[in-house]
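Novice: This is what each chain is made of:
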Amino acid sequence: MNDKKTKIMTFNTLILHTAALFLLPLQLIFSVFLLLRGHDEPGGGFIAGLVASGAFVLYLFAHGVASTREIMRVEPRDLLALGLLLGLAAMFPGMFHGEAFLTAQWWEFSLGETDIKLSTVLIFDIGVYFAVLGTILTIVMSLTESEE
Amino acid sequence: MSPEVVLPIIIPLLAGALTLAFWRSTFYQRWISLFATTALLGSGIWLLSSIRETGFVVMQMGGWAAPFGITIVADLLSAIMIVLTGIIGLAIAVFSMAATPDKHQKFGYFPLMHLLLAGVAGSFLAGDIFNLFVWFEVMLLASFALLTLGGERAQMEGAIKYVTLNLFSSAIFLSAIGLLYGMVGTLNMADIGDKLSQVEHTGMVNVLAMMFLISFGIKAAAFPLFFWLPASYHTPLVGVSALFAGLLTKVGVYALYRVFTLIFIGDTGYTHTILLWVAVLTMLTGVLGAAAQFEFRRILSFHIVSQIGYMLLGLALFTPLAIIGGVFYIMHHIIVKTNLFLISGVVYRLLGSYDLKKLGGVYKQRPWLAILFLIPALSLAGIPPLSGFFAKFLVIRAGLEVDAWIATGTALLVGLLTLYSMIKIWAEVFWKKLPEGIDDSRLISNRTDSQLLVMLIPVVGLTLCTLYIGLNGEPIYQLASDAADQLLNPAAYIEAVLGENL
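These protein sequence lines map, in sequence, to chains A and B. Oh and the first sequence: position 125 is 125 in this note's numbering, straight run, nothing missing. Oh and the second sequence: position 404 is 552 in this note's numbering, straight run, nothing missing.
Excised from the complex, chain A in its bound form (with noise of 0.2 Å):
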């Protein structure tokens, strides 16, 4: 009976086996990619969120959740969280130059060759990012464990 159940849950084929391990982190580096990218290009905290959650659910339907959560070792609780609290934490700056809340705040400098832009915005972003992977993962997993 158990043996069955987990069946249903983890597709046991070895094409989806060892793509997902392949895809896991060539999916996890364009995610990243396309929240670097988001400012001025098509991209963003949002997409880039649910590419790095396609990932780790792809992972999970051919391995199941416990070794999702052993290759992810945070909660995905603790990410939404962490996503939460850097998007809160990207509308201060602008209050602290007596500035409306939510102001972008820019940081640029030289490295090299080329010029790097830092924001507030990209704060924002990668708060996006972490909420949306968080929310997702949340879901599935507890739809996945409510199942087994």
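Worth flagging that the hints you see were computed from the coordinates, not collected in a lab. Owing to the predicted nature of the structure, the values given are computational and were not obtained by experimental measurement. A virtual CB, placed ideally from N, CA and C, is assigned to each residue, including glycine. Among the clues, some could well be false.
[Stated by the list, open to error] Selected chain B positions facing chain A (Cβ under 10 Å, derived; list incomplete):
hint, residue
1, L161
2, G164
3, L166
4, T167
5, A169
6, F170
7, G211
8, P259
9, L432
10, G500
11, L504
Position chain B against the provided structure of chain A, taking the given hints into account.
Specialist: Just chain B, lined up with the frame of chain A:
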């Protein structure tokens, strides 16, 4: 630079994120909630005092000027509502320290509570009608989750009605915003108010006014689409019921006050007459519905509906005195209604039921609890010198001044029937003998019950607030009167928001 106008939104959001980060420890969650709601109340008082000085506090998010950016704006009514949100939030946070089972805390009771408070505060401070919609959704999302927390059958049944009607209302709200935007090309409420006064097609404006009336009417639980409220408010944890009872419908009422004093004031003969009939029927159906009930929280829920009628009546009569009465009524009602729900929770703790037939004998064992019930109950019914008397008096007096005989007569009758309902609860729960076969070990035990004591702190606090409003009515009346002044002079609001862009 005035941070006090965004703090009431930021504080609950931050508390929500923090309680979520501490999801493993209910201890930290409780204390964070307590500190956060205290801070919320503090920021509300700060906002109120700075508005007493300056009239309006406006902040353009991210420095993008109105009408293009997102405006957060507070006038006196908003500030009053924020203070009340803080009071209720604090009361519920204290009450929840004792009355929340671990199971609920594990599934995010506190984060959701803070999210709800953020949504409520955001709605009161939004200066932009689309943002008002967004805050409504934040609030509803949190309330859906709180309502079903625990997952009992009755909760699901109530939640289905609640969710369906509220989504319907949101859909109408959103379509109305779309049409309005198509007409005036702006979403900023001050700008809309300014532009609508120059629009020629008043017919279309009236259609929009009715769409907003239906949408906010559903959220405020006004006649005829109020039945989601008594179907759902008695099902969740009593702390959640009390929070909803105090704040959620009043957000709908606030939104009605906002749009029908700022935006739709061109054809008050049409719009406010309909509002008047809605108010009359809301009062009447609510109180008649309550008469047939025999469940503590259901009776109270029906009375929310009937009391909403009085607030709408104040808006519908649209004279200075009527608006003062309406604002006063909102202040009185939020405090009293939350308190009555909390008392029903205390009784439940003692006797394990909300069914009037299974309760009794509380007065004999705990006379002080009976008195704590009697004060808000009589206040709700409008007995002098409690807060409800002045609230009803103002609205009824305003009705007499404009010869609205039917509305005034109904208001008086409903007051009498409210008294009947309160006496019914009094007689059944406190006065009559406890029926046979009910476990009364908790009721008669002499042991100090520390959880019960914690539950009584907010009850006593809110009762003191009621007494304060009643016995020291003059400053509160003054506050309501200043708020009404602002509401009846939308030009000042428009100028405060748009400034030189007018």
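Novice: With reference to the structure, classify each hint as holding or not holding.
Specialist: Right, here's what the structure says about each hint:
1. Restraint check, L161/B versus chain A: the minimum CB separation of about 6 Å is within 10 Å; hint holds.
2. Using the Cβ-Cβ criterion of 10 Å, the hint placing G164/B at the interface with chain A is satisfied: the shortest such distance is roughly 7 Å.
3. Interface hint status for L166/B: upheld, as the beta-carbon distance to the closest one in chain A is roughly 7 Å, under 10 Å.
4. The interface hint given for T167/B holds, since its Cβ lies 9 Å from the closest Cβ of chain A, which is under the 10 Å cut-off.
5. A distance limit of 10 Å between C-beta atoms decides the matter here; for A169/B the minimum to chain A is near 4 Å, and the interface restraint holds.
6. Residue-level restraint check for F170/B holds (minimum Cβ-Cβ distance to chain A is 8 Å; threshold 10 Å).
7. Look at G211/B: its Cβ gets to within about 5 Å of chain A, closer than 10 Å, so that hint holds up.
8. Given the 10 Å rule on beta carbons, the hint for P259/B holds: about 9 Å separates it from the nearest Cβ of chain A.
9. Taken as an interface hint, L432/B does not check out: its beta carbon lies about 44 Å from the nearest beta carbon of chain A, beyond 10 Å.
10. Checking G500/B against chain A: minimum C-beta separation of about 30 Å lies over 10 Å; hint violated.
11. The beta carbon of L504/B is not positioned within 10 Å of any beta carbon in chain A (closest approach about 37 Å), and the interface hint is therefore violated.
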